[in-house]
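Student: Protein chains in written order, with our numbering: chain A, 1 to 297; chain B, 298 to 1005; chain C, 1006 to 1321.
In short, the hints are calculated from the structure, not lab data.
Pairs of lysine-lysine, DSS-like flavour, derived with a Cα cap of 27 angstroms:
| no. | chain 1 | residue 1 | chain 2 | residue 2 |
| --- | --- | --- | --- | --- |
| 1 | B | Lys853 | B | Lys784 |
| 2 | B | Lys769 | B | Lys784 |
| 3 | C | Lys1282 | C | Lys1059 |
| 4 | C | Lys1282 | C | Lys1264 |
| 5 | B | Lys964 | B | Lys680 |
| 6 | B | Lys784 | B | Lys799 |
| 7 | A | Lys197 | B | Lys853 |
| 8 | B | Lys774 | B | Lys853 |
| 9 | A | Lys197 | B | Lys776 |
| 10 | C | Lys1282 | C | Lys1090 |
| 11 | B | Lys769 | B | Lys853 |
| 12 | B | Lys799 | A | Lys197 |
| 13 | B | Lys784 | A | Lys197 |
| 14 | B | Lys774 | B | Lys799 |
| 15 | B | Lys774 | A | Lys197 |
| 16 | B | Lys769 | A | Lys197 |
| 17 | C | Lys1105 | C | Lys1090 |
| 18 | B | Lys978 | B | Lys964 |
So these bits of chain C aren't anywhere near chain A, every CB distance computed over 12 angstroms:
| no. | residue |
| --- | --- |
| 19 | Val1078 |
| 20 | Lys1105 |
| 21 | Gly1108 |
| 22 | Leu1109 |
| 23 | Leu1117 |
| 24 | Ala1133 |
| 25 | Leu1187 |
| 26 | Met1232 |
All residues carry an ideal CB built from backbone N, CA and C; glycine is no exception.
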Amino acid sequence: MAGSIALTPEQMPGPAAVSERSRARREMLRLLVRRKAFIIGSLVILFWVICAILGERITPYDPFNAFFLPGHQPPSPAHLFGTDRIGRDVLSRVMVGARDVLIVAPLAAILGVVSGTLLGLVMGYYRGIVDDILSRLVEAFLALPVILVALLTLVVLGSSSIVVICVVGILFAPIVARTVRSAVLSERQLDYVTAAKLRGESGLFILSQEIFPNVLGPTVVELTVRFGYAIFTVATLSFLGVGLQPPSPDWGLTVSQEYTNMISGKWWPTTFPALAIASTVIAVNLIADSLQSVLSE
Amino acid sequence: MTGIAEPPPQPLATPPPASAAALRVEDLSLSYVVRGIPRPVLRGVSFEVRPGESYGLVGESGCGKSTTAYAAVRYLPRNAVITGGRILVAGDDVTKMTDEQVRRFRMHHASMVYQDPGAALNPTTKIGPQVAEAFTVLGQNRREAHASALRAMERVQIADPERVFQRYPHQLSGGMQQRIVIAMALASDPKLLVLDEPTTGLDATVEASVLDLVRKLQAETNAAVLLIAHNLGVIRSICDRVGVMYAGKIVEEGDAAAVFEQPKHPYTLGLLRSLPRRGIRKSQKALATIPGSLPQIGADLPACVFVDRCPLATEICRTVEPPPFDVGPGRTSRCHHIDRLGEIVEPAAVVGQDTVQGDLALTLANVSKTFHQSGHDVPALVKVDLTLFDGETLGLVGESGSGKSTLARTILGIESPDVGGEMELDEHRLDARSMQRPTEDKRSIQMVFQNPESALNRGWTARHILARSVSKLTGLKGKAVNARVDKLAADLRLTQRHLDLKPRQLSGGLKQRVAIARAFAGDPRIVVADEPTSALDVSVQAAILNLLSELQTENKTSYLLISHDLGVVRYLADRIAVMYLGRIMEVGESENVFHGPNHPYTEALLSAIPTVDGEPAARIRLEGEIPSPANPPSGCVFHTRCHRFIQGLCEVTEPPLIEVEPGHLMKCHIPVDELRRLQAKARQEDVVLTTPPEALEAAAAIAADDPG
Amino acid sequence: MVRFIARRLILALVTLWLLATIVFIITNVLPSNVGRTILGPFAPQETVDALNEKLGTNRPLPVRYLESLQGLVTLDFGDSFVSGKAVLPQVVAAVGRSAKLAGLALLITIPLSIAAGLYAARRRDQRADRAIVLLGVTLSSIPEFVTGTILVVVVGVGLRWLPVLATAPDNADIPTQIRFLLLPAMAMAIVYFGYIARMTRAGTIEVLQSDYTRTALMKGLTTGQTMRRHVLRNALVPTVAVIAVQIGYLFGGIIAVEKIFNYNGMGSTMLFAAQHKDLPMLTAGVIVIGIVYMLATLTADLIIAWMNPRIRLEAT
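Start from the sequences, fold in the hints, and give me the full structure.
Tutor: Written as structure tokens, this is what we have:
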């Protein structure tokens, strides 16, 4: 648009292209950091990451050993979150519970996003028969209810972290593929792609060097969103009993073990892990939302 | 049989009435608040429009003309703040109205016509209810509104309004859509009618009839008309008076013809001199350019907003704002140095040259291209024969559906022609698909796109864009690539600083220069330029055209220039081909084509396009729509709109190729001498030629057959 | 329009076939030994072999595949490993019960979400809008079993407003049934509020910025008239699409909710089947839900297409 930076030919030669790129990145980070949502989200995630990494070293009590019988003591200064039915400190278990979720869910998300992006790039660029066939496949996968299929697969293959990661990852790929595909489709009709073809660039070059960098933005946002969904799904699967197995202090599993006790008034062993799950997913979504706003500016 | 209509309408001569002005803008200042900082867009705009008068606001992007127009109807975005002044419409101050008052104001006193009529209509509602709504809002009941709507549609010259009533917007052509919008706007018999670029985006022949309609309606109503346009020709053809805007101020104001003939402000002067006017050609002189570039929107500017680019600027211009000096009856100009305008000389340089026909570079023989779309066959190109010589510019002119873009893409190899067509480059066969061509051929034919925004990869720096093209097309490596990039940059007047930037940080003109440099990366024989300056501002366009001429003279490159702007074509092109519905109707040396005798379509086209120099001699208004390429008329495809239609001949047989003079060919049944006589007669007489009813009936018959 | 419908139907059938194939692969190709998977690692080999014989898993894959397709077409999904009875009727009945719950959830959430989305769109970037978006993002992030848990603790146990177990006594009248289903329905409604509200908001904002909205306002219509006549029908198009997609997710999340509230719907049936490795039951469940999702999206596509005059009037 005429009216943007007015440059006169007399100006001195400026910085090289490389530092222009890093300056843009720094500018983006600066914008991100100013957003409250991003700060809150990042702090929460950071907290849980620290819990996950340091684990037992920073918990007030040992999460696995039942020390404090009788069980089900309500929250008190000694046990901030109370104790569970066999006398384990809930706070310690909640802190360590972060570990399993924060390993399995991100890996599943990464698997889903990487495979989905590749799929979406190919579908969006080559179109034609390839796109038609793959689109049918994507639609078929999208019709599958994620939890149910995960349930089925975990029954067939047994509950292990690897299976959970693979199932959730593969089931996420089609959704990511769809987003990436539509981003590629809109890039593809821009003239610079035609210009690339006119100088004889191969399809692979155009996809990787020309188009992909421009769809990176939406892909990164999709990645963060998928993180949230992955945590959501992995927690639900643990809750249903087909994810991680006892005595893991995994949050979903804890809720499923303790929720029947809610009716008799013992709310703390259930509520705190539930809140932990909620806080993590909300935090990730806040980050994703901030990223999306910043990238679209 | 030629069709003759009533004499052309005269623009209303406006005796200054004693009554209040219909629109009066007093010292209006407006800012947009962006990220908390107010950026001034209008800096004290003052003008007035009397009832029955038409006033044009003209300027380049960012000058504030649209903002002024929308301010007059109080349709501004939420972050717009009026920081001073007022707007009076029939005495009421629009800026002080409450929301409800604004609504009533829009209902009764002000109406608007928009740039993109298709988008301005609700796509999921039929036309009838939308037009009727303009009347129900005024209090009429359903039956009355229905009748009023039909009458309104007749008034805007829509034949068969009942049928159009039942249609959806997407089923109407652009011209028809705009007539509907105009009909809705006039429903309330407003005091103020604002038109925002009403014909941008319409085909030339359609634009002409819409402009005629606006003139006719203007004469009938007593509304004050405010027209916003960047095209000076449109302003000249409609408006009595004009205000030239720059950076949020009106720098010159006055009678339209007077201002355009004798500008009294350096900016207006620069603007007019940068246009290819009165048929000048590249070999006669370079176009004047205005140094520097348009200021950023909302930037802080010195007292005279134009000072940074003005050749007459002195100290006083920076500190004292020039008041509107009186330079004639009803004319003002904001410049301290009006008396020194004569000092601004036209450029003496000549950068283009008339080509001496060299070797044959490109030949197309019997090239057709048919698209297959869900059952229909759409012939976009039909048996095209074309030659292009070294170092010459061939201009391709035509409206939508003419096939000019398809022709360009076929030559480039983006589309492949149907079997039977042959393309030859330098005596050897050119492969249909670009992918299959050897690198040598790929280098030889390159393209400059219309939209510099999408033509450059926004993630790459300019240097990377050029370097990649150079290395891919020439096979050079390392330092040689850098050397070539530097040379290209120098040729296109790009600095090292520019090269390090990304497209987003470059202005439109600079982006287009990078795009042109990229096209020249491999030292091409032929460059296809598809509307290379259409997306650019007028002052920027001149620089690009000069650069193109220069590059052509230096490198002996041939250009295939596609443009809807006949001024640009006449300036740059050595030969011209006129296309209609995928066929070449006329081809010849540019001066011969512009002089005549012409194919009737060319004649109509030349007559349709409004120029800043005033109305063309002959007045020809084609009726009817451009036929769909999927369902072309029989015989001569132009017969359904031709004002020289001969019944019994034109719709039956295809016209032969006749030679007007050596190198000038056309396809018409009418003998050359007869055409010459008739066209000379049309130029002398003051009548409007239009499509005869027999031709329109033939069009209707074809449309009835069309299932689509 | 007819051509459009025909085309979509054919595509849907292709998708259904692919769906069935995927499920077949999971249940027949993935496990190295079906019998072993069902009986577990400790069962004696003879029992495993006998089971494999009975299930016919020793036959070549193509045969079993064709048989499964045949079963799909004739709607015969086999017998449950646990009860021995035909699987499909049980699944359909269970889905029906879940549909009551899901239906109530949608009934609660759709009007609220759309209203919230419209409200937010009209006050774009102001506090109300930001609050609604934030609320939407937050609520849609919380898994249903978490919301369910919190609702039980707060509303069911703490405040004692509503019953905690979702199954009403037999032959209860509709209002009573609704009273029992209200808590779990709310747990689900809360999650989907976020998606639908945001999609409505996005669609409405786009329409509000369109040129034809401008035309309506310039004619002098009130904002109310503009919203009713021009904005709504165009803005709700993306909302219809997202609601259809949510129906698919609904039947996933419902499993957790049914567990917490002890409701004998499809979720509980599937969980039970999973715990007992009842593959035919699980297979039938997946396919039936898949079909439900496909029908929902097909209906949504048809509604959207019908609303678009370009497609509706498409010449055959």
